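2 protein chains.
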Amino acid sequence: GEEGNGHVSSDVSVLAGFETKSVLRDSAREKNIFIHGMLAGQEAVVILEKTPIREDTVSALLEGSRLTLEMRNDIYSTYRAQPPVQLNELKATLVCPATEKHVKKYQRRGTFLLWETGEDYRTVTLPFLLSQSFSLQWVYNILDKKAEADRIVFEDPDPQVGFVLLPDFKWDQKQLDDLYLIAIVHKRDIKSLRDLRGEHLRLLENIRSKGEDAVRQRYDIAPNRLRVFLHYQPSYYHLHVHLTALSYEAPGSTVERAHLLSDVIQNLQADPDYYRDRTLAFPAHADDGLLEKFKEAGRL
Amino acid sequence: GEEGNGHVSSDVSVLAGFETKSVLRDSAREKNIFIHGMLAGQEAVVILEKTPIREDTVSALLEGSRLTLEMRNDIYSTYRAQPPVQLNELKATLVCPATEKHVKKYQRRGTFLLWETGEDYRTVTLPFLLSQSFSLQWVYNILDKKAEADRIVFEDPDPQVGFVLLPDFKWDQKQLDDLYLIAIVHKRDIKSLRDLRGEHLRLLENIRSKGEDAVRQRYDIAPNRLRVFLHYQPSYYHLHVHLTALSYEAPGSTVERAHLLSDVIQNLQADPDYYRDRTLAFPAHADDGLLEKFKEAGRL
Numbered sequence: 001g002e003e004g005n006g007h008v009s010s011d012v013s014v015l016a017g018f019e020t021k022s023v024l025r026d027s028a029r030e031k032n033i034f035i036h037g038m039l040a041g042q043e044a045v046v047i048l049e050k051t052p053i054r055e056d057t058v059s060a061l062l063e064g065s066r067l068t069l070e071m072r073n074d075i076y077s078t079y080r081a082q083p084p085v086q087l088n089e090l091k092a093t094l095v096c097p098a099t100e101k102h103v104k105k106y107q108r109r110g111t112f113l114l115w116e117t118g119e120d121y122r123t124v125t126l127p128f129l130l131s132q133s134f135s136l137q138w139v140y141n142i143l144d145k146k147a148e149a150d151r152i153v154f155e156d157p158d159p160q161v162g163f164v165l166l167p168d169f170k171w172d173q174k175q176l177d178d179l180y181l182i183a184i185v186h187k188r189d190i191k192s193l194r195d196l197r198g199e200h201l202r203l204l205e206n207i208r209s210k211g212e213d214a215v216r217q218r219y220d221i222a223p224n225r226l227r228v229f230l231h232y233q234p235s236y237y238h239l240h241v242h243l244t245a246l247s248y249e250a251p252g253s254t255v256e257r258a259h260l261l262s263d264v265i266q267n268l269q270a271d272p273d274y275y276r277d278r279t280l281a282f283p284a285h286a287d288d289g290l291l292e293k294f295k296e297a298g299r300l
Numbered sequence: 001g002e003e004g005n006g007h008v009s010s011d012v013s014v015l016a017g018f019e020t021k022s023v024l025r026d027s028a029r030e031k032n033i034f035i036h037g038m039l040a041g042q043e044a045v046v047i048l049e050k051t052p053i054r055e056d057t058v059s060a061l062l063e064g065s066r067l068t069l070e071m072r073n074d075i076y077s078t079y080r081a082q083p084p085v086q087l088n089e090l091k092a093t094l095v096c097p098a099t100e101k102h103v104k105k106y107q108r109r110g111t112f113l114l115w116e117t118g119e120d121y122r123t124v125t126l127p128f129l130l131s132q133s134f135s136l137q138w139v140y141n142i143l144d145k146k147a148e149a150d151r152i153v154f155e156d157p158d159p160q161v162g163f164v165l166l167p168d169f170k171w172d173q174k175q176l177d178d179l180y181l182i183a184i185v186h187k188r189d190i191k192s193l194r195d196l197r198g199e200h201l202r203l204l205e206n207i208r209s210k211g212e213d214a215v216r217q218r219y220d221i222a223p224n225r226l227r228v229f230l231h232y233q234p235s236y237y238h239l240h241v242h243l244t245a246l247s248y249e250a251p252g253s254t255v256e257r258a259h260l261l262s263d264v265i266q267n268l269q270a271d272p273d274y275y276r277d278r279t280l281a282f283p284a285h286a287d288d289g290l291l292e293k294f295k296e297a298g299r300l
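Note that the protein sequences, when read in sequence, are chains A and B.
Just so we're aligned, residue 1 is where the first sequence starts under my numbering, counting upward by one.
Just so we're aligned, residue 1 is where the second sequence starts under my numbering, counting upward by one.
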């Protein structure tokens with residue numbers, strides 16, 4: 001259906017027919033839940049997450065909420081509050097049709113730290129990646145402007161050092177506290193941090209300077225208020241860089257998975273083959289095929 | 001007023017008269033906000049927080065929510081959802097009257113990323129540290145068994161490569177999910193990561209192997225379930241190493257502050273003077289003296 005105001009479409013009931021099979025994961029700290037189920041005969045994953053409390057809605061929240069006292073002790077009291085519905089939305093993300101890989105990705109699992117030597121990468125990790133067929137179509141859609149073109153914050157179209165900068169799915173863009181952007185490079189032959197060499201310094205420095213400029217211009221946030229980093233392992237093997245608000249402890253920004261872009265640049269300046277030879281630690285999940293492969297290779 | 005059901009009391013409007021002075025802190029990840037203001041002529045702090053999404057309400061949430069499509073790309077789509085009001089409450093906490101200490105406790109400080117060259121350390125950071133008189137007496141009390149002796153998990157008494165391993169203050173030791181230990185070295189002349197040289201490799205490797213063994217013996221946790229890291233800047237300038245459960249995203253484990261011990265060892269193996277010369281990024285707070293010093297030196 002169409003919304004009354006005409007510029008957004010509304011579909012009141014798209015998730016009403018969702019049949020839950022299992023809860024994959026939930027976080028009381030982050031107020032989200034990941035659910036696996038069926039939608040219109042197809043496998044699907046639905047992610048529900050409460051939205052951040054916006055500073056500019058606080059007065060309306062306090063004035064418009066219906067309160068119920070739960071506890072009072074000395075100067076402290078707690079209440080349950082029912083705020084006006086339009087001030088208290090959820091974010092819903094639908095993956096449909098979802099593959100077994102999506103289900104696995106979201107499932108809560110035991111996590112183990114692996115130490116991957118350059119040799120491990122060539123003999124264990126790379127063959128495993130090549131045997132997988134996680135589609136990068138959605139990345140190419142973005143680079144080709146076939147999807148999300150209206151979300152692009154900045155683009156440098158150069159095929160060698162260019163990139164597209166856009167908001168990450170996880171960010172609802174309602175407040176800057178949890179700013180989360182992704183820079184996706186136009187080059188299609190760099191799988192990850194592991195593939196980076198001295199020759200890619202121009203690309204990385206370009207992302208750093210133009211990405212930071214774009215964030216300053218669009219959001220008025222200085223480079224020293226940003227965390228700019230790469231993941232290893234990444235969740236998809238087309239080179240991309242994460243830019244988040246420094247004060248936001250984004251999932252995946254912990255030291256065992258994140259690598260500051262400024263450190264990556266410094267490492268490649270010191271040694272163009274740093275990431276070919278270096279032992280890289282990364283967290284692997286119990287039901288990842290990769291952890292299995294490391295086990296089989298006697299590297300666990 | 002009284003609720004109709006009789007066993008909870010309701011006060012629809014207790015916060016309606018709250019006058020906001022400032023937002024002390026908010027977390028987009030945790031969906032909360034801390035507000036300082038006045039209530040009925042008294043200083044007050046109000047904390048609003050979204051509630052976790054309960055598994056047993058998911059069906060009702062999916063059936064009862066009004067959805068608006070925000071983005072669609074390939075198999076992914078995102079929506080804004082307005083759920084039934086009784087399924088989407090907030091938690092409100094009121095501190096009233098609040099003292100200045102409450103206000104300070106909840107206040108967030110602006111955080112800026114600094115990039116400290118080896119030269120910056122010698123000309124800005126080190127003189128600043130030496131001008132401060134942070135007492136290390138509490139550290140020496142632990143090393144000398146004058147305090148917390150009963151909390152020690154493991155000790156290697158060797159004066160050159162030895163250390164004391166004990167639970168961090170932040171860990172209540174009630175569950176292993178958030179295990180947090182600290183290894184404090186017996187040597188008293190290493191301020192931080194910045195002072196580490198090739199000659200300290202034996203010390204670091206000793207902490208790694210004996211610390212991991214002790215955690216395995218005492219808590220039955222394997223080394224690949226641990227995050228073992230140093231802070232830069234540390235919160236006190238006597239060398240210590242953090243050991244946390246890998247699955248616990250402990251505060252201070254983000255990439256801009258944490259350095260994996262295994263990476264530190266690898267870096268010193270490659271270059272004994274790595275931490276003398278390397279540019280190290282670290283987060284500094286607006287009301288830290290150190291940030292001021294970097295400003296004065298024109299390094300911000």
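Worth flagging that the hints you see were computed from the coordinates, not collected in a lab.
Treat the hints with caution; some may be incorrect.
[Said to hold, decoys possible] Taking lysine to aspartate or glutamate pairs in the DMTMM-like style, the calculated list, with each CA pair at most 25 Å apart, reads:
id, chain 1, residue 1, chain 2, residue 2
1, B, K295, A, E212
2, A, K101, B, D74
3, B, K210, B, D288
Given the structure is predicted, the values throughout are model-derived calculations rather than measurements.
Do the hints match the structure? See the list:
1. B:K295 x A:E212: holds, 20 Å
2. A:K101 x B:D74: holds, 16 Å
3. B:K210 x B:D288: violated, 35 Å
Hint compliance for this structure: hint 3 is the single one not met.
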